[in-house]
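**Student:** Taken in order, these protein sequences are the chains called A and B.
Mapped onto the numbering used here, the consecutive letters of the first sequence carry residue numbers 504 to 739.
Mapped onto the numbering used here, the consecutive letters of the second sequence carry residue numbers 504 to 739.
You may find that some hints are simply not true.
It does not matter which identical chain is meant; a pair holds if it fits inside one copy or across any two.
[As the list claims (entries may be wrong)] Within a straight-line C-alpha distance of at most 16 Å, the following computed EDC-like cross-link-like pairs (lysine to aspartate or glutamate) qualify:
{"id": "1", "residue 1": "703", "residue 2": "559"}
{"id": "2", "residue 1": "703", "residue 2": "678"}
{"id": "3", "residue 1": "703", "residue 2": "676"}
{"id": "4", "residue 1": "703", "residue 2": "679"}
{"id": "5", "residue 1": "652", "residue 2": "620"}
{"id": "6", "residue 1": "579", "residue 2": "619"}
{"id": "7", "residue 1": "705", "residue 2": "677"}
{"id": "8", "residue 1": "674", "residue 2": "650"}
Quick caveat, the hints were computed from the structure, so don't treat them as lab data.
Protein chains: 2
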Amino acid sequence: MNSFTPTDRSRVKRLHERGEYDEAAVFAILDAGMIAHIAYIIDGQPYVTPTAYWREGRRLYWHGSSASRMLRSQAKGLPVCFTVTHLDGMVMARSGFHHSINYRSVMAFGTASIVDDPAVKLRHLDRFVERLFPGRNGDVRASTAQELKGTTMVSMEIDEASAKHRVGPPKDDDEDYALDCWAGVIPVAQIVGAPIGDPKLKAGVGFPDGLKGFAAGARLDAVLTAHAKRQTGSEK
Amino acid sequence: MNSFTPTDRSRVKRLHERGEYDEAAVFAILDAGMIAHIAYIIDGQPYVTPTAYWREGRRLYWHGSSASRMLRSQAKGLPVCFTVTHLDGMVMARSGFHHSINYRSVMAFGTASIVDDPAVKLRHLDRFVERLFPGRNGDVRASTAQELKGTTMVSMEIDEASAKHRVGPPKDDDEDYALDCWAGVIPVAQIVGAPIGDPKLKAGVGFPDGLKGFAAGARLDAVLTAHAKRQTGSEK
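So here's chain A without its partners, still in its complex pose (with noise of 0.2 Å):
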């Protein structure tokens, strides 16, 4: 098994059985996920910004306009901290103290830099709309050099990374099983609804087919993780 070496930065310390260092586990809460939040510092100050990613392999890729100035704060070489978290649930308990949230979360460090090669960058953004959104690029026009020119990308090789989750019922006292209060988990997922048609849609044009794991009513984290397995899968 493949694991992620953890040093004092990435190293999970409370309640640290909740910790996982193996790609395994770290790659598959990615893989679930479509928006990650990136930590970096400019001039001292911390930022902490939502953006939507990709990853292949243990190298991870988030782009935007090229008036981003995170992105170009980033470009040259910036320590970042990039995470997802999945929420799951919220655990109630028959104390406040033992009230705790079900979730999924991954911790990742590296170093961003810019992927400048135009042919690498628009390899890498076939890759992401495939990733999310399997077919599509065989749906929409082209990108333009213009467009590729305004897009900057960003990766940065995981040097660390860890996996945290929590799972199941509440955990309370031996004593508070007795009391009289209403115990157990309210579930919390993101859920596709169904899709809405932009109203300037060309007459005939129907949801395609590379879509329809789009559901209504399924659970967004399900359809990412197949998509992902889709792409890896078959590139092998």
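Based on these hints, arrange chain B on the given structure of chain A.
**Tutor:** Quick look at chain B alone, frame taken from chain A:
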């Protein structure tokens, strides 16, 4: 209208028509959420940690174990960036370039510091529980002195904040509307599931009235907003 005054730190530079600085816009996004991503610096390294939070006026609160490295560092008075993000949908355009995300997010800046008076801490812990879970303090057993001691609470006055959001259909280049390409929005929301009673739940204890807002199928952001309004309203 009360507004936050943006400086270079919080002013929305990209697509600045999406940026808002008034309290109503900032508070609406904060009150609809439960998990923030908080960025901070330890020894020159940026970190971003997901954590539950609550708000009172312009002040944000979060808490955790007194053994937490994040909280021990922040307790000393540390500049932080506090970000809350709601993912609302995937925006499918007719070109890869115009694909986008519907979202609401707030980025707030301030200096974190410890809340160390036990009476103040206790009052805020109670407020936190009631804000998320109305009536819950009447059901659970009271906190012990030991539990209070084991809990570190941190708060931050919002010095600056900006809200950003995107809503609605894709915006494509004029000539692309003629393409035979499906376009529109695939909505995403955090949805509440049916409560799962603790396997050790005492016989005869029913699901409490105060939590009935968390109905299976409800939007978490709507429930949290209603609970926050209820708390604020009951204090007026």
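**Student:** For every hint, state whether the structure bears it out.
**Tutor:** Outcome of the hint check:
In this assembly of identical chains, the alpha carbons of residue 703 and residue 559 never lie at most 16 Å apart, being 35 Å within a copy and 43 Å across copies at closest. Proximity of residue 703 to residue 678 under the C-alpha cut-off of 16 Å is restricted to the inter-copy arrangement: shortest distance 12 Å between copies versus 62 Å within a copy. Taking identical chains as interchangeable, the C-alpha atoms of residue 703 and residue 676 lie at most 16 Å apart only when they sit on different chains, with a minimum of 12 Å there against 58 Å within one chain. For a Cα distance limit of 16 Å, the shortest separation of residue 703 from residue 679 across copies, 11 Å, qualifies, whereas the shortest one inside one copy, 59 Å, does not.
Taking the shortest Cα distances, residue 652 and residue 620 sit within 16 Å of each other inside one copy (10 Å), while across copies they are farther apart (54 Å). In this assembly of identical chains, the alpha carbons of residue 579 and residue 619 lie at most 16 Å apart only when taken from the same copy (11 Å versus 40 Å across copies). With identical chains, the CA atoms of residue 705 and residue 677 are at most 16 Å apart between copies only, with a shortest distance of 13 Å across copies and 63 Å within one. In this assembly of identical chains, residue 674 and residue 650 lie within 16 Å of each other by CA distance solely across copies; the values are 15 Å between and 53 Å within a copy.
Checked against the numbered hints given earlier, this structure breaks only hint 1.
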